[in-house]
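Enquirer: Could you build the full structure based on these sequences and the hints that come with them?
Quick mapping for you: the protein sequence lines, in order, are chains R and U.
Final position of the first sequence in our numbering is 256; the numbers increase by one with none missing.
Final position of the second sequence in our numbering is 850; the numbers increase by one with none missing.
Errors might be hidden in some of the hints.
[To be verified] Derived BS3-like pairs (lysine-lysine); straight-line CA-CA distance at most 27 Å:
1. LYS495/U - LYS590/U
2. LYS678/U - LYS556/U
3. LYS477/U - LYS93/R
4. LYS265/U - LYS152/R
5. LYS184/U - LYS143/U
6. LYS665/U - LYS590/U
7. LYS625/U - LYS152/R
8. LYS152/R - LYS161/U
9. LYS206/U - LYS184/U
10. LYS46/U - LYS106/U
11. LYS206/U - LYS556/U
12. LYS265/U - LYS577/U
13. LYS132/R - LYS495/U
14. LYS93/R - LYS184/U
15. LYS625/U - LYS665/U
16. LYS590/U - LYS702/U
17. LYS132/R - LYS477/U
18. LYS161/U - LYS106/U
19. LYS348/U - LYS556/U
20. LYS702/U - LYS534/U
21. LYS102/R - LYS132/R
22. LYS665/U - LYS556/U
23. LYS46/U - LYS206/U
24. LYS577/U - LYS102/R
[Unchecked claim] To be clear about the criterion: a stretch of chain U counts as covered by chain R if any three or more of its residues have a C-beta under 8 Å from a C-beta of chain R, and this derived list gives those stretches:
25. 254-263
26. 761-770
27. 835-847
Hints listed in this document are in silico derivations from the structure and should not be mistaken for laboratory results.
By construction, the Cβ of each residue, glycine as well, lies at the ideal position given by its N, Cα and C atoms.
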Amino acid sequence: MADTLTPPAPSAPAATGIAARAVGASKIYGSGEAEVRALDNISVEFERSKLTAIMGPSGSGKSTLLHCLAGLDRLTAGAIYLGDAEISSMNEKQLTVIRRDKLGFIFQAYNLIPTLDALENMTLPMSLAGRKPDAEWLDTVVTTVRLGDRLKHRPSELSGGQQQRVAVARALLSRPEIVFADEPTGNLDSKSGAEILTFMRKAVDELGQTIVMVTHDPGAAAYADRVVFLADGHIVDELAAPTADSVLDKMRSLGG
Amino acid sequence: MWKVTLKGIWAKKVRFLLTGVAVILGVAFVSGTFVLTATISSTFDKLFTEIYQNTDAVVRAKQTFDSNFGGGRGRVDASLLPVVRGATGVAQADGSVQGLAVIVDKNDKALGSNGRGAPTFGFAWIPDRDLSSLTLVDGHGPKKADEIVIDKASADNAGYKVGDTVPVITKAGRADYQLSGIVKFGSSNSLLGATIVAFAPETAAKVLATPGTFDAINVKADPGVSQVEVTRNIRAALRDAPDTKNVEVISGDKITQESQSNLKKNLSFFNTFLLVFAIVSLLVGSFIIFNTFSIIVAQRGRELALLRAIGAARGQVLGSVMFEAVLVGIFASAIGFVGGVFLASGLKALLGAIGVDIPAGGIVIPASAVIWSFVTGMVVTIVAALFPALRASRIPPIAAMRDVAIDRSNSSRTRIVLGLLVTLLGAGLLALGLFGNGSNGLAQVGLGIGVVFLGVAVLGPTIAAPLSRVIGAPIRKMKGITGALAQENAVRNPKRTSATAAALMIGVALVGLITIFAASARTSISASIDRSMKADYVVNSSGFGTGTIPIVAEDKLREVPNVESVSGVRTTQAKIKGSVDFLWAADPAKINSLFDLQPTAGNISKLSPTGIAILDTVASDNNLKMGDTVKVGFPSTGTQEFRVESIFSQAGFANWVVPLAAFDKNVPDQFDNQIYIKTSDGVTPENTAALKKVVAEFPGPKLETRDQFKQTQVNQVNQLLNLIYVLLFFAIVIALFGIANTLGLSIIERTHELGLLRAVGMTRRQLRSSVRWESVIISLLGTFLGLVIGVLFAWALVHALADQGIDQFSLAPVQLLVIVVLAGVFGVIAAIWPARRAARLDILESIRTE
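Expert: This is the structure:
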């Protein structure tokens with residue numbers, strides 16, 4: 001299977017370097033007494049061709065960070081760079097095009113459009129851009145996510161795991177610079193979850209894909225190359241080459 | 001429970017308003033109709049009371065038949081006046097004379113009768129002011145034979161002042177008169193836009209009527225003598241006089257009431273017309289209410305189930321939904337009622353603009369307007385919301401734990417069978433109304449149309465999905481993924497789509513029906529003139545009625561060079577074979593040179609003074625053969641017998657034709673309705689100029705070439721058409737609100753989905769486009785269904801009216817195409833608000849999981 005996963009023409013310029021970074025990023029809700037600092041002057045970099053996990057307790061700001069990195073939300077202060085482009089200063093229209101052409105998304109739920117079949121869902125971002133997917137690459141991705149016989153099915157006819165695989169295929173198909181995954185296994189049973197994570201891992205190792213994933217599951221974080229820990233809007237720690245146990249230990253020490 | 005409902009409504013103000021709009025417009029029509037009627041009635045009640053305040057009794061001829069055009073009554077002999085004056089208790093009595101007189105303005109144009117049908121009255125001046133309905137406001141009454149007074153509205157319009165010379169056209173031709181005074185009709189400047197000329201009594205007898213006759217004798221009683229008493233005394237006095245079998249005496253109160261109710265009867269067509277549109281609006285509105293509540297219930301399914309789970313009874317859930325419906329009903333009825341009051345003032349102004357002047361007077365709001373506004377508004381809303389509410393109450397508590405808004409399959413066999421049955425029932429009623437001989441055919445047609453709409457609406461969910469797919473296919477091809485999403489969204493909820501489209505379907509079907517019917521009528525008229533008319537020119541009276549061309553015009557036209565053949569055509573209403581119909585008269589010797597009537601029996605050009613020619617279908621309907629006797633009742637001369645001497649097959653000209661000689665004997669005060677002219681060299685500029693010069697002497701009637709005449713006849717159809725279009729436009733606007741409302745609700749339902757689309761790179765513009773195309777698909781679906789129904793209705797209608805001269809079915813493809821394009825444009829307009837709303841959704845809010 002490893003052979004078939006070679007992309008015909010990778011769009012990522014180099015397999016090394018920084019894919020995305022936040023510089024002095026702050027996100028503040030409300031003001032005065034009611035002020036909440038969801039992100040408090042965070043600076044962090046995400047390496048190319050790596051799977052980075054962001055972890056932290058509820059309200060730590062991990063989802064806000066992901067949304068800001070993905071151009072779905074705006075910072076109060078600081079800057080976000082995607083490659084060399086500063087996306088935090090872009091307008092809504094430019095951001096939409098960036099999301100469509102340069103980013104991939106995997107959400108926890110409501111990941112697919114119910115009126116479109118699996119194949120249409122996968123190719124949705126490219127269709128929106130008015131482009132045709134590369135036939136060979138499409139074939140590769142479809143084979144990899146093992147959905148060949150399900151392409152004409154509507155989401156309502158697919159299991160949760162299958163739906164999420166379609167979502168992963170959609171995120172990869174346009175060969176984005178970064179895929180952002182927000183609790184991608186949150187709604188799945190452990191077997192389906194493991195399948196998705198394995199596939200994401202493969203995409204990084206074999207295709208050189210960059211993935212940033214928010215999760216609260218140490219088991220999921222163990223698939224990452226690096227884990228960044230957030231608490232109260234600050235980056236409090238990080239861990240390279242994590243295992244489920246090391247992540248759990250770190251969480252305990254941070255929580256305690 | 002009520003608090004939950006109220007909070008829910010407040011949270012969705014816009015939706016609440018949109019839901020109400022449909023009912024508001026319908027109720028406004030209802031309320032407007034009642035207010036307008038009451039306003040007009042009260043104005044005229046006052047006017048007639050005032051006019052007849054000094055009239056205690058009226059002596060006049062009995063009515064031969066009831067006629068909408070005010071005919072049907074003969075005259076009384078002037079010799080009765082001394083008898084009436086001699087009756088006990090009579091203080092004053094004088095005869096009144098009424099006829100047709102057209103005032104010519106300073107630009108040599110006719111006043112008043114410009115095709116709008118407002119009458120142009122001529123009266124005899126009654127010197128005794130107490131007995132006259134005319135009040136002098138300037139100058140003095142006509143004393144000399146060439147003096148006249150005219151109504152203030154006409155004087156103002158034409159700029160005539162006392163002392164001016166005023167040309168007036170009467171049956172005696174055109175003559176100049178001196179304006180000696182200006183009058184009002186009671187206290188009103190004019191009567192419904194009619195023009196009034198009053199002549200000195202001797203002149204009036206000559207130019208308006210037959211000397212020695214009166215239309216009526218008005219009586220004022222001695223002080224202290226009651227109306228009943230004086231009426232009885234006059235009757236007694238007349239009983240001894242000769243030839244008074246056909247004379248009746250009625251009291252002043254009765255003539256007041258009669259005038260008031262006649263006027264209301266004449267305006268009642270207007271009421272019926274408006275009420276029909278009220279019904280259409282409310283029908284369209286009920287679809288929208290039904291749909292809105294269905295969607296609300298589907299969306300709130302989880303919430304309602306939760307209420308049930310925590311202990312709400314089924315009745316309470318039902319009550320909660322119905323409470324919202326009642327609120328919508330009250331709110332919409334109240335606004336609709338107020339809107340109707342404004343609509344009534346608007347319509348009053350509109351009536352004035354088309355020449356029907358209604359005397360000044362405040363708007364009158366009768367209790368019936370309030371009651372019917374609320375009754376119709378509430379009933380429509382509540383009935384339409386009842387089914388969705390019942391469905392809501394059936395949601396099991398367990399549904400709280402399930403996903404909501406799942407559309408069940410809609411192609412159940414029961415639905416198809418039921419839908420087909422209802423549709424067939426409607427079609428049957430329609431056919432019965434159109435082709436049956438029942439007396440209430442019109443009601444059956446209306447009901448049939450309504451039931452067909454209902455049947456198609458029941459079938460709707462079954463056909464909506466496949467049809468929308470077909471309609472959406474080119475859009476999908478053209479617009480790629482946005483088109484595909486639009487198509488899929490239109491198809492995903494067939495019940496909703498079809499109910500939304502059904503509202504539009506009704507308006508479009510009626511527009512289509514009217515359009516095709518009018519096109520068929522135009523083609524038929526055009527073809528009928530082509531077939532039947534040999535004349536090169538027509539002098540045509542404008543408007544309806546019995547014509548305004550003085551007969552002397554015929555002789556003058558005959559003297560024009562190149563003119564070969566001239567015949568006036570006159571019409572009157574008469575009682576023929578027991579029912580009132582139009583009787584036509586022409587010069588038999590000229591008929592064959594001016595018309596091609598396709599005689600099948602007898603020789604129409606040899607029609608004797610007691611002979612009658614009949615259209616073949618009319619003859620067979622009445623079982624008449626050559627040589628049979630036909631009894632014709634005339635108001636002046638009573639029943640006369642005619643012998644069938646010719647039968648012709650050319651429809652579209654006339655049903656019953658008698659020679660001018662017979663007409664002369666039985667109908668007083670004749671005018672030509674039309675004069676047909678044949679020249680030796682056809683239509684040439686020289687002929688036109690020469691004829692025009694003669695016709696210009698009698699302003700009002702127009703000289704038309706054969707082609708212009710055809711155009712005029714066709715245009716009459718168009719004029720009526722425009723008014724209907726304006727009113728049906730409201731029905732379509734209501735349907736647009738329905739589409740906007742449904743889409744708006746659907747978008748709330750699809751929040752997550754839209755958020756996802758935006759997150760993965762759909763631009764706002766693409767999202768708006770997708771919503772817009774979905775709206776266009778729904779619009780086109782409604783339009784398509786409507787046009788199919790409209791075409792079928794029109795086809796049936798044209799076939800039913802084949803023997804009325806509408807025998808050509810014309811599909812009017814250009815107009816139908818315009819309707820389709822407009823429907824698409826309307827779809828785009830309806831989508832503006834929902835599309836903006838969709839595009840404005842905050843992405844993060846939308847994709848946030850609960």
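Enquirer: Evaluate each hint against the coordinates.
Expert: Right, here's what the structure says about each hint:
1. LYS495/U - LYS590/U: Since the Cα atoms of LYS495/U and LYS590/U sit roughly 65 Å apart, the hinted pair is violated (cutoff 27 Å).
2. LYS678/U - LYS556/U: 14 Å, holds
3. LYS477/U - LYS93/R: 25 Å, holds
4. LYS265/U - LYS152/R: 67 Å, violated
5. LYS184/U - LYS143/U: 18 Å, holds
6. LYS665/U - LYS590/U: 20 Å, holds
7. LYS625/U - LYS152/R: 75 Å, violated
8. LYS152/R - LYS161/U: 87 Å, violated
9. LYS206/U - LYS184/U: Holds: LYS206/U and LYS184/U sit about 24 Å apart, inside 27 Å.
10. LYS46/U - LYS106/U: 34 Å, violated
11. LYS206/U - LYS556/U: Given pair LYS206/U, LYS556/U holds - Cα atoms ~21 Å apart, limit 27 Å.
12. LYS265/U - LYS577/U: 25 Å, holds
13. LYS132/R - LYS495/U: Violated - the C-alpha atoms of LYS495/U and LYS132/R are around 34 Å apart, more than 27 Å.
14. LYS93/R - LYS184/U: Distance of about 71 Å is beyond 27 Å: violated.
15. LYS625/U - LYS665/U: Holds - the C-alpha atoms of LYS665/U and LYS625/U are around 25 Å apart, at most 27 Å.
16. LYS590/U - LYS702/U: 21 Å, holds
17. LYS132/R - LYS477/U: Between LYS132/R and LYS477/U the Cα gap is close to 14 Å, so the pair holds against 27 Å.
18. LYS161/U - LYS106/U: 12 Å, holds
19. LYS348/U - LYS556/U: Given that 27 Å is the threshold and the Cα spacing comes to 42 Å, the pair is violated.
20. LYS702/U - LYS534/U: 18 Å, holds
21. LYS102/R - LYS132/R: 16 Å, holds
22. LYS665/U - LYS556/U: 23 Å, holds
23. LYS46/U - LYS206/U: Distance of about 33 Å is beyond 27 Å: violated.
24. LYS577/U - LYS102/R: 88 Å, violated
25. 254-263: Since 0 is below three, the answer is violated.
26. 761-770: Satisfied; 5 residues make the cut.
27. 835-847: Holds: 3 residues of the segment 835-847 of chain U have a Cβ under 8 Å from chain R.
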